[in-house]
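In order, the protein sequences belong to chains A and B.
Numbered per the numbering used here, the first sequence spans residues 1 to 615.
Numbered per the numbering used here, the second sequence spans residues 616 to 930.
If you're looking for bench data, these hints aren't it; they were derived computationally from the structure.
Glycine included, every Cβ here is placed at the ideal spot set by N, Cα and C.
Check each hint, because a few of them may be wrong.
Unchecked claim - Cut-off 27 Å, straight-line C-alpha distance, at most; resulting in silico cross-link-like pairs (DSSO-like, lysine-lysine):
1) A:Lys4 with A:Lys612
2) A:Lys533 with A:Lys612
3) A:Lys364 with A:Lys353
4) A:Lys122 with A:Lys65
5) B:Lys838 with A:Lys612
6) A:Lys535 with B:Lys838
7) A:Lys533 with B:Lys654
8) A:Lys535 with B:Lys835
9) A:Lys219 with A:Lys364
10) A:Lys317 with A:Lys359
11) A:Lys533 with A:Lys4
12) A:Lys4 with A:Lys65
What the hints assert, rightly or not - Per label pair, the in silico range of CB-to-CB distance:
13) B:Asn696 with A:Cys481: 39 to 49 Å
14) B:Asn729 with A:Gln313: 28 to 38 Å
15) A:Leu565 with B:Phe872: 26 to 36 Å
16) B:Asn656 with A:Gln434: 20 to 30 Å
17) B:Glu752 with A:Ser401: 32 to 42 Å
18) A:Gln434 with B:Asn729: 50 to 60 Å
19) A:Asp310 with B:Asn656: 36 to 46 Å
20) B:Phe907 with A:Gln119: 46 to 56 Å
21) A:Asp310 with B:Asn696: 51 to 61 Å
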Amino acid sequence: MLNKYPLWKNLLIIFVVLVAALYALPNIYGEDPAVQISADRQATIDAATLDRVRNTLTSENISPKSVALEEQQILVRLTSDDQQLKAREALVKSLGDNYIVALNLAPATPEWLKSIGAQPMKLGLDLRGGVHFLMEIDMDEAMRKILDGMKDTVRNELREERIRYTAVNVEDRDGVKVQLRTEEDYQQALSYLDNRYQGYTLVENPDEQTLELRMTEQKLAETRDYAVSQNITIMRNRVNELGVAEPVIQRQGSNRIVVELPGVQDTARAKEILGATATLEFRMVDTENDVRDAMSGRVPFGSELLPMRDGPQQLLKEDVILTGDHIVNAGVGYDEYNRPQVNITLDGAGGNKMSMATKDNVGKPMATVFIEYKATDERDENGNLQFTKNAEVINVATIQSRLGSSFRITGVGAQEAQNLALLLRAGALIAPIQIVEERTVGPSLGQQNIDAGTQAIMWGFILVLIFMVAYYRKFGLVANCALASNLILIIGVMSMIPGATLTLPGMAGIVLTVGMAVDANVLIFERIREEIKDKRSPQQAIHHGYDSALSTIADANVTTLIAALILFAIGNGPIKGFAITLAIGIITSMFTAIVGTRAIVNSIWGGKRLSKLSI
Amino acid sequence: MREIISTDERIPFMRFRGVFAIISGLLLVASIVSLSVNKLNFGLDFTGGTLIEVGFQQPANLQQVRDVLDDNGYGDAIVQNYGTQQDLLIRLEPRTDVKAEQLGSSIIEALRSNIDQSIEMRRIEFVGPNVGDEFIEQGGLAMLTALICILIYIALRFEWRLAVGAVAALAHDVILTLGLFSILGLEFDLTVLAALLAVIGYSINDTVVVSDRIRETFRKFAKLTPMQTVNRALTDTLSRTLVTSLTTILVLLTLFFLGGPLIHGFSTALLFGVVIGTYSSIFIASSVAITFGVSREDLMPTEVEKEGADQDPLP
């Protein structure tokens, strides 16, 4: 009985712990207050922007730690929080609207660590402070809107085809029902409506002389998806406006969106901006009066001068042809010459209005106006944020023919088409949205949680260390080495997994793991003691102790792992954090407590003739 | 060699199993009665509503805060100290007249303008009523899935009598922990649910160790009666059971005292669960197995599951 590990096994263990330690290292460097600059819709970030940023900072007497351009973003690291605020203010002023200037905390990881991909752990909102929203999209409303549009379309088309009906109604939540007047109308309608609308199936009911257009499952799913992705787009635009570094905006389930804004200080403002509305208007361009007259102050009655994005000011009629809520869809397409265009679909009522308005205006220019309500920093006497209406012409196009419920805007560049379609969609929220869950943590509480968690981990760790040495002597020291490497491994693995976030319950999970991780060693050491009592030699006792405890340790840990995995599957943010640290801790503790301690025990006591063990 | 208990003599645990059955039975009845009468004090996560934590510069005057809230139309708010004298927790039921996302800010605004401008927003949580219901559903489902998965694992790994014992101990621990929360009226939120799942993990961990040893002892000592076997196995694992419980309780105590008020519920549930889990793995799990008539024949290895067959032969 030699109790010797081969060299490679020892080296492997040392290697694993060293790698974990290396990746855990960034966590001790802390963070620099920083300002992060990224480009908005049109602007780009290049060396010129970098110079502008540098100049601005110099002229304001702000001396940054570093200014760097990486991955389409400029990161300015500063020495203090005051400097950070000052820098942001100055940069917002000098860079203008097309750039997003966000406050951030940039990890102060040294270059050599960054180059091997080492990063500190991501902190959850409960530790960093910030806002978490769960928003729910009102799908019923979205469906109702689409079916209402469908109802109008069917009515119009039947009327134009001179097919007589007594009623066209929205049925349930997924179809439109047409009640025809006579058997003859029924037959005509049947042949006309059959296969006419994509995404709808026609249900015949000759006895009642009714036809039903039912949305196919696919169309239902598409509509839902569309409503969600549209809302996500809008949320993204608004979050950009807030200037938040590393926001999370993602879909959850079939009809919900999670928005997480770490580090936001003014949460009230964030909420109001996210809840603000954007709309869209189609208006005729005033061609009877001169723009230059208007620009010099003589704006004609019934017209309005509006700025245009990337262009001169435009004089528009005040009458609105159509508002954005009639837009059902807008997307980029290509014509036969592969030129980009924006395809727009309106609902039935919108189609009628558009048709009426464009009938006599063929050949004249029509403008698309995007209206956003932007929050200002001012508040009224009730403490509510003041919003300014911000109207902007995003497109002017000549009407080529009388337009109906679907038309297209041509003569735009590919990038412009993308932007236009996005804005058109943003201005036409097809489904209202509602906040169903909010968790906001103020910055001071976040820091307090970090401190509390760290204290608990530290003291829990120290107490267990003391206990183990007192109870198991030298073997206790061995277990303590394993415990310390376990802690390093947990932090290293947490830092390596990109999706893993440390939360307060996650820190509790680490504390718990510290307490439970020694269990494997306790099992082993108790076995060794028993073996010694059974008059085995120390070497045999060590060997048997490890061997016979092994299956018990595995059994016991698998059950805890099951609990952790289930927690991970169902838990929300903070609870997931607990499940992650618990699961990682269980796995790493098996490694350190079984393989790690064995390596140390073998190299200390292995291969020698021993008369007694310090256990 | 220092030990918590000298293990030279076998402790006749099973002689007292009637006594512990009665104690556990009484505790279970008390828990179930309290759970059906007092119910659980569900936290915001499950009931829905709004919770606001504010920090004052000086110790806060609760009555003043209540008056201000009352004047501003939030008479239904529950105000209490949280952690320290300076921190207050304000809870509101779900309501329809104010937009949920504005409720928190408007209350803080009201407090600032009426009491002190320096009042600090520490935390706002809002959970819509539907979301709360979903959390209850998900939580229950999680608990059930965890129990079933562990049951399957134990049933595959052990003979059924030991498995029944383990699951009985598990149910015992969960019900008693829930009972404690019900009797003391402690708030039951998502973190407590997570703690409960961790208790399940811990308790089964303990029971598995004991059951493992019972099986081993049965195989090793042919002459012992089941009762003697269990006593022997329990005595042999006793110091491990106590040492592990002790280290776990040590870290849970640091968590309870240093971890901050946010995880008080969490650490309370775990502390209690670990104590109960330790007790049940000694007195309940094996006593149930005995009651069901576990015997040596049931635990003799078949060729397939012969333990240690794949390991090195002993020297």
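Hint-by-hint comparison with the structure:
For the hint linking lysine 4 of chain A to lysine 612 of chain A, the alpha-carbon distance of about 18 Å falls within 27 Å, and the restraint holds. With a CA separation close to 11 Å, the supplied pair lysine 533 of chain A and lysine 612 of chain A stays within the 27 Å bound. A C-alpha spacing of about 17 Å is found between lysine 364 of chain A and lysine 353 of chain A, which places the hinted pair at or below 27 Å, so the restraint holds. Under the criterion of a C-alpha separation no larger than 27 Å, the hint pairing lysine 122 of chain A with lysine 65 of chain A is consistent with the structure, at around 23 Å.
Taking the CA atoms of lysine 838 of chain B and lysine 612 of chain A, the gap is about 32 Å. The hint is violated against a cut of 27 Å. Under the criterion of a C-alpha separation no larger than 27 Å, the hint pairing lysine 535 of chain A with lysine 838 of chain B is consistent with the structure, at around 22 Å. Proximity of lysine 533 of chain A to lysine 654 of chain B is assessed by CA-CA distance (about 51 Å); at most 27 Å being required, the pair is judged violated. Restraint check for lysine 535 of chain A and lysine 835 of chain B: the C-alpha separation of about 17 Å stays at or below 27 Å, so the hint holds.
Note on lysine 219 of chain A and lysine 364 of chain A: the hinted pairing is violated, with a Cα-Cα distance of about 36 Å set against a maximum of 27 Å. Taken as a hint, the lysine 317 of chain A and lysine 359 of chain A pair is honoured in the structure, with Cα atoms around 17 Å apart against an allowance of 27 Å. With a C-alpha separation of about 23 Å, the suggested pairing of lysine 533 of chain A with lysine 4 of chain A holds against the 27 Å cut-off. For the hint pairing lysine 4 of chain A with lysine 65 of chain A, the CA-to-CA distance comes to about 52 Å; that exceeds 27 Å, so the pair is violated.
For asparagine 696 of chain B paired with cysteine 481 of chain A, a C-beta distance near 44 Å keeps the hint of 39 to 49 Å intact. The supplied range of 28 to 38 Å is broken by asparagine 729 of chain B and glutamine 313 of chain A, whose beta-carbon atoms lie about 47 Å from each other. At about 30 Å, the beta-carbon gap between leucine 565 of chain A and phenylalanine 872 of chain B stays in the expected band of 26 to 36 Å. Separated by about 28 Å at the C-beta atoms, asparagine 656 of chain B and glutamine 434 of chain A satisfy the suggested range of 20 to 30 Å.
Range check, glutamate 752 of chain B to serine 401 of chain A: about 55 Å between beta-carbon atoms, so the 32 to 42 Å window is missed. About 30 Å separates the C-beta atoms of glutamine 434 of chain A and asparagine 729 of chain B, a value inconsistent with the hinted range of 50 to 60 Å. For aspartate 310 of chain A and asparagine 656 of chain B, the hinted distance range of 36 to 46 Å is not satisfied, since their beta carbons lie about 59 Å from each other. With their beta carbons about 53 Å apart, phenylalanine 907 of chain B and glutamine 119 of chain A fall inside the hinted range of 46 to 56 Å.
Separation of aspartate 310 of chain A from asparagine 696 of chain B is about 57 Å and conforms to the stated range, judged on CB atoms against 51 to 61 Å.
Hint check: violations occur at hints 5, 7, 9, 12, 14, 17, 18, 19; the rest are consistent with the structure.
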